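Put chain B on the given structure of chain A with help from the hints.
Protein chains in written order, with our numbering: chain A, 1 to 788; chain B, 789 to 944.
In short, the hints are calculated from the structure, not lab data.
Note that the coordinates shown come from a computational prediction; the quantities given were computed from them, not determined experimentally.
Just so you know, even glycine gets a beta-carbon here, dropped at the ideal spot from N, CA and C.
Nothing false has been slipped in among the hints.
Taking lysine to any residue and the SDA-like style, the derived pairs with C-alpha atoms no more than 20 angstroms apart in a straight line are:
#1 B:931 / A:672
#2 A:19 / B:863
#3 A:28 / B:816
#4 A:409 / A:310
So the derived list for chain A, only partly shown, Cβ under 7 angstroms to chain B, looks like this:
#5 21
#6 24
#7 25
#8 200
#9 254
#10 285
#11 508
#12 672
#13 676
#14 679
#15 680
#16 706
#17 708
On the chain A side, residues computed to face chain B include the following (Cβ under 10 angstroms):
#18 36
#19 283
#20 681
#21 715
#22 716
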Amino acid sequence: MEPRTSAEVGGMGHSLKRKEDPRFIRGKGTYVDDVQLPGMLYLDIVRSPHAHAKIVKIDSSKALAVPGVLAVITGQDLAKYNLHWMPTLMSDTQMVLPVEKVMYQAQEVAAVLATSRYAAADGAAVVEVEYDPLPVVVDPHKALEPGAPVLRTDKKDKKDNHIWHWEWGDRAATDRAIAEADVTVKQDIYIPRIHVASIETCGCIAHFDKVNDKLTVWMTTQAPHAIRTVFALVAGHVGLAEHKIRIISPDIGGGFGGKVPVYPGYVIAVAASVLTGKPVKWIEDRMENLQADSFARDYHITAELAAKKDGTLTALRIKTLADHGYADAAANPSKFPAGLFHVCTGSYDLKAAHVEVDGAYTNKPPGGIAYRCSFRVTEAVHTIERMADLMAHQLAMDPAEFRMKNFVKPEQFPYKSALGWEYDSGNYHGALQKAMDTIGYAELRREQVDKRRRGELMGIGISSFTEIVGAGPSKHFDILGLKMFDSCEMRIHPTGKAIARFGTKSQGQGHETTYAQILAEELGIPAKDIQVEEGDTDTAPYGLGTYASRSTPVAGAAAAMAARKIRDKARKIAAHLLEVAEEDLEWEPGKFSVKGAPGKSKTIQDIAFAAYTNHPQGMEAGLEAVSYYDPPNLTYPFGSYICVVDLDSGTGEVKVRRFVAIDDCGNIINPMIVQGQVHGGLTMGLAPALYEEISYDESGNVQGGSFIDYLLPTAVETPKWETGHTVTPSPHHPLGAKGVGESATVGAPAAIANAVVDAMWHLGVRHVDIPITPAKVWKLLREHGVTE
Amino acid sequence: MRIQLSVNGEKHEADVEPRLLLVHLIREVLRLTGTHIGCDTTHCGACTILMDGRPVKSCTVFAVQANGRQLTTVEGLEQDGTLHPLQASFMSEHGLQCGYCTPGMLMTGVAFLQKNPRPSEDEIRAAISGNLCRCTGYVNIVKAVQHAAAVLQGGA
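Here chain A stands alone, though its shape is the one from the complex (with noise of 0.2 angstroms):
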């Protein structure tokens, strides 16, 4: 799309440069552990070594003793302010300290209080807990067997560890036509936990002041309002109103969905403010924030796909158990405890599908959160993309041709899949060939050929995503009952520059860049002349703040809204001042004319100006707007992945030699922030394909709870990624546009599944686990007579 507005202008379409970028270039970023006030008090936690035990006795008299140490805090203490349990988003309850009993390793205890961060760290090596060891179940398929120790003790009349059931399609219809396929393929497959790692951890510093009575929290978190409104929720009994409760969210370190939920940390460090009046810091290190915080994925996934004997795809069927760990912390809109995996029919045109999820309890940290992705969907992507491949490897079709036939068709949209989801847009033909056509598809295929002769292992690997962002409509979204609209707040000043306050809150995305560009769009104010803010809640307008890619649909569209209602009042302070009918002027970006008389205009600068010194008799003076945005549909952001694997068949390692990334993110609003977005994405991507997992030992202790054993990938191990787009408008998003920072996470996992699998198909290899790494591949090559 060719900008509509000048580079001055900085529209829609422009690579502008980033407004965030000049203090962050500096080190002049304000990050939550920046914040240093004074008289500040710092917290440290004492953390579980068991992964199921009670707590016999807590031993303060060392802690205490230490130098600087103001207190020990433990759950006896919080259990006197109803204060030891806190409710999760999925309307579970998870402790902030424990009273009888640990649930995981690495679970909060105690937590000291001291005058440094190190003497808090003194004092919490010398906290003396005695535990009495408790039977741990790790396996969540063994925690639903009859007679597997019962977890969720606290839950009068709980006689299991099954959380819920939730089913979608139908199920009749899906049964019948596996039933009578000509062929259908079955296959497990494990989604393992892993963590978003973000390179700043979390933490927070809480303000309570005593004479305002006046709680303000500085933290790392993504939803600002929302928690605001749940601490004002879940502290009202103990005096914090929601009017005397201020979030700010400065500059965050990365998010990626893993600083949605309220950790016992940040609620221990305002219930210390509370008691001493004074400024609490409490910020995690690596190792916390691996072990404690909120996992993602960890889905235990049968999947069976069915297919005519022409390739034509009839009926999917899915089984999943989900690992919560303790507690279902999932961060998911309230009707949707398995998010949204029904999207599972992927780009497909299936006319049958069924899906049924069960969560269950284990002694493993609650979650599950998004890995930057939108609600369980990249569990969902990974599933029909991996099943497609089998199909199309059992048919000994070739996976694009294959893929190309079952596509949901240009025409068909906006199409309402077997699942219920009515997509808006979509040319899923058009992303893969363009895909084809960067990599060299069919020449790719001739050199396998030749080197599958010579005894090489090559693999290419297709992955045709659909994803489902923007959430969303308030008739089925909410968290926590809060609609899941989002805002933006604009004024203008006399001298026609702005100020935009919004909802959300960037992490990394470049929304004060990217907001900017859209008001710029509508208005015609350049958008260098357009100051962002986000992340304060005395000051912005309520939303549901930033995560499943929801900014741009929901928020954008906000900015979009806001500067529409502000055109229509600048319309008629125009008409006033040229002394004409509204009907008799046109807009173009920036200025309204008389039609037929060029000429005669007035910019959107001179309309500000009026709107201060100059307005109507009759019409109130400003020139600002405010729109809550309830998006009438998600969108359905696609793309085509094809990755290239070599196997070096001697130490099993993965080497990805090209990967092309084709999405289709709708209209672009910054082309250099989108690229930008789909490398980052590609490369969280390739982190759990081929690196990241965090696993668990029979007796629960925690395997990748630190860098040291979980990888994620450097510059060495991360191709050069190969990106470009198609643009397939959104039809109901006022910018046409749909959301971009998670698509390429959700969708490469399975080009490089796919590709490992194709390099050693003909060997019968069926399929891999992610993360696929050396040690899998060198196993299964050997398995497969492969010996160097």
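Just chain B now, with coordinates in the frame of chain A:
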């Protein structure tokens, strides 16, 4: 223990506990908060600074080990209101998103370009492999280093 050191050309004296980490001296005593902390195990590189011109991870150096040394942090890169070419390149090439790893990346990159003014892409990738970034996928960080190399050579 009393220590003396120079940070970004300015002399400082401090009385520190022997166990105080250099990163905490820089951030909490000298209040230069551009140097960040991202892990406990010397993997992420967010705390990278230059000590006598060499990049070190300041979470793994004691403050007392910096006694008598010359340190440069991200705040010292801009000279007389002019950005270091690598800072300008990070902005022009979109080499940063959340900005948290950026100071460490910049310090590693600045030291690397002094040692290797005409690096290959593979050399750049190896040089920054001790600095983790979760946002950018490294592509544009590599481009920013290449761009800065060209500028420093007078080529762009």
